[in-house]
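Q: From first to last, the protein sequence lines are chains A and B. Okay, so the first sequence: first residue is 1 according to the numbering used here, each after it adds one. Okay, so the second sequence: first residue is 1 according to the numbering used here, each after it adds one.
Because the hints were derived from the structure by calculation, they are not lab data. Here the structure is a predicted model, which is why all the values come from computation and not from measurement. C-beta atoms are modelled at their ideal positions from N, C-alpha and C, and glycine is treated no differently. Among the hints, erroneous ones may be present.
Just the calculated beta-carbon pair ranges, DEER-fashion [said to hold, decoys possible]: (1) B:K38 - A:E212: 31 to 39 Å; (2) B:Q11 - A:S139: 42 to 50 Å; (3) B:E16 - A:D72: 48 to 56 Å; (4) A:T282 - B:D103: 53 to 61 Å; (5) A:A209 - B:S139: 47 to 55 Å; (6) A:G271 - B:S208: 54 to 62 Å; (7) A:N278 - B:L48: 40 to 48 Å.
For reference, the chains in residue letters:
Protein chains: 2
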Amino acid sequence: MSTLPQAPKLQSFLKESSQRVETRLHETLSEPGSDADKLFEAMHYAALGPGKRLRPALVYACAEIFHGVDFDAARCDSSAAAVECIHAYSLIHDDLPAMDDDDLRRGRPTCHIAFDEACAILAGDALQTQAFELLLTDSSEPCLKLQLLQELASASGGRGMVAGQAIDLDSVDKSLSLEQLETMHRLKTGALIRASARMGALLGGADSAQLEALTRYAEAIGLAFQVQDDILDITVDTAVLGKPQGADALLNKPTYVSLLGLDAAREKLRGLHSEALNALETLPGDTRLLKQLADYIVQRSH
Amino acid sequence: MSTLPQAPKLQSFLKESSQRVETRLHETLSEPGSDADKLFEAMHYAALGPGKRLRPALVYACAEIFHGVDFDAARCDSSAAAVECIHAYSLIHDDLPAMDDDDLRRGRPTCHIAFDEACAILAGDALQTQAFELLLTDSSEPCLKLQLLQELASASGGRGMVAGQAIDLDSVDKSLSLEQLETMHRLKTGALIRASARMGALLGGADSAQLEALTRYAEAIGLAFQVQDDILDITVDTAVLGKPQGADALLNKPTYVSLLGLDAAREKLRGLHSEALNALETLPGDTRLLKQLADYIVQRSH
Numbered sequence: 001m002s003t004l005p006q007a008p009k010l011q012s013f014l015k016e017s018s019q020r021v022e023t024r025l026h027e028t029l030s031e032p033g034s035d036a037d038k039l040f041e042a043m044h045y046a047a048l049g050p051g052k053r054l055r056p057a058l059v060y061a062c063a064e065i066f067h068g069v070d071f072d073a074a075r076c077d078s079s080a081a082a083v084e085c086i087h088a089y090s091l092i093h094d095d096l097p098a099m100d101d102d103d104l105r106r107g108r109p110t111c112h113i114a115f116d117e118a119c120a121i122l123a124g125d126a127l128q129t130q131a132f133e134l135l136l137t138d139s140s141e142p143c144l145k146l147q148l149l150q151e152l153a154s155a156s157g158g159r160g161m162v163a164g165q166a167i168d169l170d171s172v173d174k175s176l177s178l179e180q181l182e183t184m185h186r187l188k189t190g191a192l193i194r195a196s197a198r199m200g201a202l203l204g205g206a207d208s209a210q211l212e213a214l215t216r217y218a219e220a221i222g223l224a225f226q227v228q229d230d231i232l233d234i235t236v237d238t239a240v241l242g243k244p245q246g247a248d249a250l251l252n253k254p255t256y257v258s259l260l261g262l263d264a265a266r267e268k269l270r271g272l273h274s275e276a277l278n279a280l281e282t283l284p285g286d287t288r289l290l291k292q293l294a295d296y297i298v299q300r301s302h
Numbered sequence: 001m002s003t004l005p006q007a008p009k010l011q012s013f014l015k016e017s018s019q020r021v022e023t024r025l026h027e028t029l030s031e032p033g034s035d036a037d038k039l040f041e042a043m044h045y046a047a048l049g050p051g052k053r054l055r056p057a058l059v060y061a062c063a064e065i066f067h068g069v070d071f072d073a074a075r076c077d078s079s080a081a082a083v084e085c086i087h088a089y090s091l092i093h094d095d096l097p098a099m100d101d102d103d104l105r106r107g108r109p110t111c112h113i114a115f116d117e118a119c120a121i122l123a124g125d126a127l128q129t130q131a132f133e134l135l136l137t138d139s140s141e142p143c144l145k146l147q148l149l150q151e152l153a154s155a156s157g158g159r160g161m162v163a164g165q166a167i168d169l170d171s172v173d174k175s176l177s178l179e180q181l182e183t184m185h186r187l188k189t190g191a192l193i194r195a196s197a198r199m200g201a202l203l204g205g206a207d208s209a210q211l212e213a214l215t216r217y218a219e220a221i222g223l224a225f226q227v228q229d230d231i232l233d234i235t236v237d238t239a240v241l242g243k244p245q246g247a248d249a250l251l252n253k254p255t256y257v258s259l260l261g262l263d264a265a266r267e268k269l270r271g272l273h274s275e276a277l278n279a280l281e282t283l284p285g286d287t288r289l290l291k292q293l294a295d296y297i298v299q300r301s302h
């Protein structure tokens with residue numbers, strides 16, 4: 001560790017990884033061969049709108065620690081774009097009138113408002129497929145490619161993200177225990193964040209202990225992200241958040257803040273942050289970027 | 001060809017392949033590990049309700065011709081279940097209020113009526129993922145598995161089935177040319193039927209000329225299926241069809257019958273039937289089952 005160059009800068013890393021994944025998304029959504037222009041416009045709108053690109057950043061960051069500056073980030077582009085496609089599809093469908101019925105996302109009209117509801121449903125459907133197609137065009141050797149596909153599929157489906165969304169919808173006007181709330185978040189947002197880290201680790205050539213450590217790291221920051229979301233939901237106003245303040249509270253959805261109170265929710269956030277940093281300790285290489293990413297998640301203001 | 005045993009019987013083949021795929025679907029949807037019971041109930045309801053199981057039958061039938069009675073049909077179960085999952089997901093989403101707004105499908109309430117709209121959207125989403133998961137658990141060797149995944153993905157997404165559905169929705173109250181109508185159907189229903197045949201062919205070990213012949217066969221029966229659907233839509237009553245008679249005509253959607261008239265639509269159907277049979281002529285093995293399947297598609301009454 002003594003020979004490390006200067007600490008990586010999170011902001012420039014996030015900017016670079018965003019640019020990489022946006023370039024790949026733009027490429028894949030602009031390939032010819034479609035007869036459905038409006039559908040692809042809606043896919044573009046949803047996948048390439050403003051966003052933190054946190055999941056793609058995790059793919060790159062978790063791969064890079066095994067290689068340092070020599071790592072060829074291009075090897076991660078398809079995986080990074082794939083996790084962003086799944087994320088974008090889930091947001092389109094979550095925002096639909098039959099689901100959370102949100103008109104605003106990141107300060108812009110949601111997909112079904114900017115286009116129409118049918119088009120939004122289909123754009124979400126096609127972005128899910130596009131995620132798998134991206135991995136299939138990846139240049140990784142067949143067994144690695146299948147591992148990446150497996151990670152993405154098990155995180156996304158009825159035993160992953162979609163299950164979380166189903167539990168979330170059923171929780172309106174119900175009281176969940178802290179354990180049930182945690183299960184919901186581990187599925188709804190945690191599973192894809194976990195898969196992003198694991199896909200990066202696999203691309204970087206992690207052994208099983210390293211894969212396990214990055215999994216623990218990702219599980220902790222995934223949950224921390226959600227706790228911070230719940231805190232921001234009641235402490236930050238609409239203009240900063242890009243969505244109505246108190247939206248979850250208004251829907252009478254259980255949150256960490258409603259179950260624990262604001263102070264204990266902040267305590268929970270600190271605990272998860274420590275867990276994430278602990279998980280990094282067994283890893284070789286320069287993990288400072290991953291530490292900064294964990295710091296960013298608990299400190300972010302929107 | 002002179003030593004062939006008695007002609008395969010289509011009805012018993014369809015029954016057997018339906019049973020195989022239903023068993024595989026039931027298994028995969030019953031595996032433990034989900035915390036979202038209602039979601040899986042809706043997935044079961046949609047994927048295992050009454051249906052022709054035409055796409056799975058094509059997978060089995062196209063694989064079998066290269067092996068005859070010695071073929072181990074179990075090798076096709078995951079692919080057969082995967083194409084049925086994609087088909088079931090597409091029907092759930094097609095039936096939604098924002099899309100075709102159908103309350104009845106195969107004589108039963110559609111998924112969003114039997115459950116609710118949010119649950120139906122998610123069940124469709126999760127069935128799409130389940131299709132890819134099924135192929136990933138397949139026992140085929142890695143390169144074949146990747147080929148199967150590629151066939152499924154390119155047939156399903158924004159350059160396949162979903163594009164077809166998008167064009168279909170945009171066609172309401174518009175006049176399409178025959179060419180545009182054909183493009184729509186080749187994407188909306190044709191692409192998955194084509195992929196089913198190609199996946200069967202790949203599982204059976206087809207060479208590239210054989211794969212090409214089965215592709216031509218599937219393209220012809222896929223379009224024939226749709227022409228027959230349009231004919232049935234105006235000639236058969238609701239009780240037999242399991243959906244309201246004249247539904248497409250009421251929605252003012254262009255059909256083969258509205259564009260060509262009933263007689264010319266029937267002529268078109270006969271032409272496609274011939275094309276399918278011609279494509280089979282270059283194939284080795286016993287293609288009588290595929291011939292019977294083509295006959296069934298143009299003669300079916302619901």
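Q: Look at each hint and say if it fits the structure.
A: For each hint, the structure was consulted:
The hinted range of 31 to 39 Å is satisfied by B:K38 and A:E212, whose Cβ atoms lie roughly 33 Å apart. The given range of 42 to 50 Å is respected by B:Q11 and A:S139, whose C-beta atoms sit roughly 47 Å from each other. Taking the beta carbon of each, B:E16 and A:D72 are about 50 Å apart, inside 48 to 56 Å as hinted. Take A:T282 and B:D103: their Cβ atoms lie about 56 Å apart, and the range 53 to 61 Å holds.
Distance hint for A:A209 and B:S139: a CB-CB separation of about 29 Å, inconsistent with the stated range 47 to 55 Å. Taking 54 to 62 Å as the suggested C-beta distance range, the pair A:G271 and B:S208 conforms, at roughly 58 Å. Hint check: A:N278 to B:L48, Cβ distance near 45 Å, so the stated range 40 to 48 Å holds.
Violated hint: 5 only; the structure is consistent with all others.
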